[in-house]
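Engineer: One-letter residues, chain by chain:
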Amino acid sequence: MSGLAIRIYGDPVLRQKALPIKNIDRRVRRLAKYMEEAMDKANGVGLAAPQVGVSERIIVVKVKSPIVLVNPVITYMEGEDLAEEGCLSLPNVVGDVGRATRVVVKGLDLNEREIEVEAKNLLARAFQHEIDHLDGILFIDRAVSIRRVEESSD
Amino acid sequence: MLSPERLIDIKDKLTGFDLGVVVAYGLIIPRKIINLFPMGIINLHPSLLPKYRGAAPIQWALLNGEEETGVSIIYLTEELDAGDIIIQEKVKILPEDNAETLSSRLSVIGANVLAKAVELIENNNVRPVPQNSLGIPSYAPKIEPQMGRIDWNTGARDIVNKVRALSLWPGAYFYSKGIKVNMLEAEVSPINGEAGKVIDIGDNGILVGSRDGSVWIKKIRPENRKIMSGLDFANGYRIKIGDPISDG
Ligand SMILES: [Zn+2]
Chain A
1 MSGLAIRIYG DPVLRQKALP IKNIDRRVRR LAKYMEEAMD KANGVGLAAP
51 QVGVSERIIV VKVKSPIVLV NPVITYMEGE DLAEEGCLSL PNVVGDVGRA
101 TRVVVKGLDL NEREIEVEAK NLLARAFQHE IDHLDGILFI DRAVSIRRVE
151 ESSD
Chain B
155 MLSPERLIDI KDKLTGFDLG VVVAYGLIIP RKIINLFPMG IINLHPSLLP
205 KYRGAAPIQW ALLNGEEETG VSIIYLTEEL DAGDIIIQEK VKILPEDNAE
255 TLSSRLSVIG ANVLAKAVEL IENNNVRPVP QNSLGIPSYA PKIEPQMGRI
305 DWNTGARDIV NKVRALSLWP GAYFYSKGIK VNMLEAEVSP INGEAGKVID
355 IGDNGILVGS RDGSVWIKKI RPENRKIMSG LDFANGYRIK IGDPISDG
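Heads up: the sequence lines are chains A and B, in that order.
Numbering-wise (this note's numbering), the first sequence opens with residue 1 and increments by one.
Numbering-wise (this note's numbering), the second sequence opens with residue 155 and increments by one.
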């Protein structure tokens, strides 16, 4: 698993529709672990497998504690909020994206148990952003006023 | 319209007028001819002189990304576009303007300003302003066909300005799979990407990296084909993310 560098916009994998994961085996658990590490290293609040070059439906999000979800689906959405958003695959740009303020997300955990997560505000936004990645959708597709930000020094 | 070589031949026909008006002539008119008109010859030039003297003022204003240009009515002198200014009017350049839309707007405004100038002359109300009192002249030489070739190693803003500036002729173009492709409509994106490489394809068209930012190719015309959207071009010509947009 040396190919876990974060893929940058312009990489075709970011526009592919990711495939469902059939078995949650050692490979998938290891992928999740590497994704979490890559997300932490980049100070992200979420990461989707296509962003590390794997076109499969698994995401990690971390607002307070990390959550890994396999084959995630949003089953409920409510409210709307326009806020600035960025993406590790699109360094140095941000845009304002309207997202639901409350969502319910269903999926499998790494032990293949079905779980349901209720999320609000930033966590809800992170889920919507990462699940979009699995369908080849990037925040810039939904954003208004895409703009550059200064490169961060850390 | 008179062809240049015939101007001297028809000298006899140009006598008996008070004032001459020259629009879009582009060549130097000899003093002999100017002197035939007791009130002089006036000239409409589509720029804020002394900026953009020369053959292609509209194109160069767009190439340079100006946000404002204008029309000037000047007295014709033997030096090209250098005569004293009778009247001048500023005109905004909109981000969506190209040579076609800007030319047509300037010609409508130009006709009005020209009428005003004639009125001023008739009423003896002209206070000619020497151009050197307004600044240092700049030049807008004629456009050469090879200027239309897109260099993806320039900035996105410059590339889009080229598309706008050369829309009437010769068009901004690149070669893709051996076909000359004219870009008809393009838009700057702030997102960086490798120069000349296809970064994205979507409803907005084809996004291509440049030296600074990137360019959405929104509307094109492959040589001898019909106009199509960037997306249709990508689909029809099998252009994929990661490909170089142009040959070689
Ligand atoms: Zn992202």
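Some hints could be false.
Said to hold, decoys possible - The calculated DSS-like cross-link candidates involving lysine-lysine, where the alpha carbons are at most 27 Å apart (straight line), are:
(1) B:K380 with B:K394
(2) B:K380 with A:K17
(3) A:K17 with A:K120
(4) A:K41 with A:K17
(5) B:K296 with B:K331
(6) B:K372 with A:K17
(7) A:K120 with A:K62
(8) B:K334 with B:K246
(9) A:K17 with B:K394
It is worth saying that the hints were derived from the structure and are not from the lab.
Engineer: Are the hints correct? Go through all of them and say.
Structural biologist: Status of the hints after comparison with the structure:
no.: 1; hint: B:K380 with B:K394; verdict: holds, 21 Å
no.: 2; hint: B:K380 with A:K17; verdict: violated, 32 Å
no.: 3; hint: A:K17 with A:K120; verdict: holds, 26 Å
no.: 4; hint: A:K41 with A:K17; verdict: holds, 26 Å
no.: 5; hint: B:K296 with B:K331; verdict: violated, 30 Å
no.: 6; hint: B:K372 with A:K17; verdict: holds, 24 Å
no.: 7; hint: A:K120 with A:K62; verdict: holds, 13 Å
no.: 8; hint: B:K334 with B:K246; verdict: violated, 33 Å
no.: 9; hint: A:K17 with B:K394; verdict: holds, 15 Å
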